[in-house]
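J.: Chains as they are written, first to last, in my numbering: chain A, 956 to 1069; chain B, 2 to 112.
These aren't lab readings, by the way, just hints derived from the structure by calculation. Some hints here could point you the wrong way.
Which chain A residues face chain B? A few, computed with CB under 7 Å, are given here [unchecked claim]: (1) 998; (2) 1051; (3) 1057; (4) 1060.
Virtual Cβ for every residue (Gly too), placed ideally from N, Cα, C.
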Amino acid sequence: DTGVSQNPRHKITKRGQNVTFRCDPISEHNRLYWYRQTLGQGPEFLTYFQNEAQLEKSRLLSDRFSAERPKGSFSTLEIQRTEQGDSAMYLCASSQTGDNEKLFFGSGTQLSVL
Amino acid sequence: AQSVTQLGSHVSVSEGALVLLRCNYSSSVPPYLFWYVQYPNQGLQLLLKYTSAATLVKGINGFEAEFKKSETSFHLTKPSAHMSDAAEYFCAVSPDQKLTFGTGTRLTIIP
Chain A
956 DTGVSQNPRH KITKRGQNVT FRCDPISEHN RLYWYRQTLG QGPEFLTYFQ NEAQLEKSRL
1016 LSDRFSAERP KGSFSTLEIQ RTEQGDSAMY LCASSQTGDN EKLFFGSGTQ LSVL
Chain B
2 AQSVTQLGSH VSVSEGALVL LRCNYSSSVP PYLFWYVQYP NQGLQLLLKY TSAATLVKGI
62 NGFEAEFKKS ETSFHLTKPS AHMSDAAEYF CAVSPDQKLT FGTGTRLTII P
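Just chain A, same shape as in the assembly:
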């Protein structure tokens, strides 16, 4: 197992464009989380899935953000009509039932909105 994989590593886009990120969790993990991290801050929770069900969304997640996990495996995070304030590192993590607090993180996708 190679751990949590995120693609792309870096994304540069122009304001107003849509972007999509992908996360492949550790295969036997049924929980998948998305976090956002800006410079000088700790990761902030965005949303999480139990299998294919999205169980919670943070109030940080505006209507322009949507996340899916269609088959309970990989997940995508889409940001529509990007704004400069969306520039951040987007982190994905996964965990196993019974040990939900032990999260395994990917290396993240760094988004820059110009």
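For chain A, the structure is supplied; the task is to place chain B on it using the hints.
T.: This is chain B only, laid out in the frame that chain A set:
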């Protein structure tokens, strides 16, 4: 709501010296507490976690943390710093199936 506060955004120690990174929590119930480390260009990695089984928790790479309810603290220590310990360290609390992180402490090791 449960939260953590990390005192000191930057800490510098000499190689071989004691490492002490501070974390205080705010919680009305016994919390689950964690320390994660983030090396440059890598994902966050769990160092250790406290789940009420023992107040002194040992983690990877020689780190340990002590839960002190009277001080609402969960400070991270390592007796002797190594150059490879240079990284960003995050304290976190788990209120309900997810983690809430502190703002992080960047540890620099002076040769």
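J.: Which of the numbered hints are not met once you compare them with the structure shown?
T.: 2
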